[in-house]
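Undergrad: Protein sequence lines, in the order shown, are assigned to chains A and B.
Be aware that the first sequence starts at 0, since it is given in numbering that gives the first Met the number 0, and climbs by one per residue.
Be aware that the second sequence starts at 0, since it is given in numbering that gives the first Met the number 0, and climbs by one per residue.
Be aware that a few hints might be false.
Chain copies aren't distinguished; within one or between two, either way the pair holds.
Said to hold, decoys possible - Think about it this way: if two alpha-carbon atoms lie no more than 20 Å apart in a straight line, the pair counts; the simulated PhoX-like pairs of lysine-lysine are:
id, residue 1, residue 2
1, Lys-141, Lys-209
2, Lys-199, Lys-39
3, Lys-209, Lys-184
4, Lys-170, Lys-209
5, Lys-67, Lys-111
6, Lys-154, Lys-67
7, Lys-39, Lys-209
8, Lys-170, Lys-39
9, Lys-209, Lys-38
10, Lys-39, Lys-75
11, Lys-67, Lys-184
12, Lys-38, Lys-75
13, Lys-199, Lys-170
14, Lys-111, Lys-39
15, Lys-209, Lys-75
16, Lys-75, Lys-141
17, Lys-170, Lys-75
18, Lys-141, Lys-39
19, Lys-154, Lys-75
20, Lys-67, Lys-141
In short, the hints are calculated from the structure, not lab data.
There are 2 protein chains.
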Amino acid sequence: MEQRKISRAVISRLPRYYRYLGDLLEAGVERISSSDLSKKMHVTASQIRQDLNNFGGFGQQGYGYNVKYLYTEIGKILGLDRCHNFIIIGAGNLGQALANYASFERSGFILKSLFDVNPRLEGVTIRGIPVRMVDELEDFLKNNDIEIAALTLPKSKAIEVADILVDNGVKGIWNFAHTDLSLPKDVVVENVHLSDTLMKLSYNLCQQDKE
Amino acid sequence: MEQRKISRAVISRLPRYYRYLGDLLEAGVERISSSDLSKKMHVTASQIRQDLNNFGGFGQQGYGYNVKYLYTEIGKILGLDRCHNFIIIGAGNLGQALANYASFERSGFILKSLFDVNPRLEGVTIRGIPVRMVDELEDFLKNNDIEIAALTLPKSKAIEVADILVDNGVKGIWNFAHTDLSLPKDVVVENVHLSDTLMKLSYNLCQQDKE
């Protein structure tokens, strides 16, 4: 299928479609109409049709969407049809919380190791995956094909570690450290600020009060 | 100041402005031009001017933006000028990671307690804040004015706990449990799916490969 240029707004909604379709697939649902999907996802049916038409109109009149096909196609667009090796730098609470999400593996994200500076964590495993010391990081990267690194370490260390990662071939940084990274243009950085969603919640509570 | 109706897209960018302005304030910066703010935030200066004009044109020609004023005004819009008491349900890794973000307090989010079902966590404190057992939750809510609850517990328990929260006056749910909650319309729910940002990273890596 020839892929058209897709707007950023549509792209940002794809992970959500992917999750819902995954749930449907797990529940044994084979097809779904845009109006049923609309009720489930709390978006208008016309938004769903518009969004999914971007990928060449997978829906069929009177039949609806083939759940498995749509799930697979969206997965391909998101690059989930191939495996991504990733590591987590910072094995504190957040790092360990991420390491415990077994569902990443289902989407092709394979956690290879965690790294920390705390000697008490040396040799600890999480779901069988070992925590290594940061001084082993460079060697580890040279001997393993790691595409993505999650940064769940204090911001004072993030910039230094990011440089080591990039110098050793890491192409994507999932950045939970609260700092901006200045990296080469071909490195993809996704900054995650958990507090942003809390502020949005606060804003919506204020709006609620006004009504 | 009379508040105009602000689009959702602008609202979703406000937490980011708030963060950057907070950093500037901490660094002792008193004013900033839209072009300097633009360079720092990697958005166009015209986008910044457009966004901030929504709040009545705080910028002044030849002077730029007064950082403290803008920070305060955006804080007000986000409802951060008053305190929000909140609790965390689920004191596992993710719950503890959230409890350790002291910076929430600076934005007016006051963590009052964590709750868990694991008896080994009873009496544990995080930054001086106690973990209580979930069977104490209802009493606690009756005796404390809690506005927001973060759900960092397994999805099998989330729906049941959310009902207890809402029945006892909680108005906002910051939902990290991977499940949809059907709650009364006046309850604000902000669903957080960490994996969505990882999928977005994966998508951007794919696009990079194609270039």
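Undergrad: What label fits Lys-38 with Lys-75 when the C-alpha limit is 20 Å: within, between, both, or neither?
TA: Neither. Shortest intra-copy (25 Å) and inter-copy (34 Å) distances fail the 20 Å Cα cut-off.
Undergrad: One pair to classify: Lys-154 and Lys-67, alpha carbons no more than 20 Å apart. Within, between, both, or neither?
TA: The answer is neither: 41 Å in one copy and 24 Å across copies each exceed 20 Å.
Undergrad: Checking an output row: Lys-39 and Lys-75, CA cutoff 20 Å. Within, between, both or neither?
TA: neither (23 Å within a copy, 34 Å between copies)
Undergrad: Give the relationship of Lys-67 and Lys-111 under a CA distance limit of 20 Å: within one copy only, between copies only, both, or neither.
TA: neither (29 Å within a copy, 44 Å between copies)
Undergrad: At most 20 Å between C-alpha atoms: does Lys-170 with Lys-39 qualify within a copy, between copies, both, or neither?
TA: neither (35 Å within a copy, 23 Å between copies)
Undergrad: Given a CA cutoff of 20 Å, do Lys-67 and Lys-141 count as a within-copy pair, a between-copy pair, both, or neither?
TA: neither (38 Å within a copy, 47 Å between copies)
Undergrad: Are the CA atoms of Lys-170 and Lys-75 at most 20 Å apart within a copy, between copies, both, or neither?
TA: Within. Shortest intra-copy distance 19 Å satisfies the 20 Å Cα cut-off; inter-copy 39 Å does not.
Undergrad: When no copy is specified for Lys-141 and Lys-209, does a C-alpha distance of 20 Å or less occur within a copy, between copies, both, or neither?
TA: neither (57 Å within a copy, 24 Å between copies)
Undergrad: With identical chains treated as interchangeable, where does the CA-CA distance between Lys-141 and Lys-39 reach 20 Å or less: within a copy, between copies, both, or neither?
TA: neither (45 Å within a copy, 33 Å between copies)
Undergrad: As a check of your reading, is Lys-209 near Lys-38 (CA-CA no more than 20 Å) within one copy, between copies, both or neither?
TA: neither (27 Å within a copy, 36 Å between copies)
Undergrad: Give the relationship of Lys-199 and Lys-39 under a CA distance limit of 20 Å: within one copy only, between copies only, both, or neither.
TA: neither (22 Å within a copy, 22 Å between copies)
Undergrad: For the identical chains here, do Lys-75 and Lys-141 meet the 20 Å Cα criterion within one copy, between copies, both, or neither?
TA: neither (28 Å within a copy, 49 Å between copies)
Checked against the numbered hints above, the structure violates hints 1, 2, 5, 6, 7, 8, 9, 10, 11, 12, 14, 16, 18, 19, 20; every other hint is satisfied.
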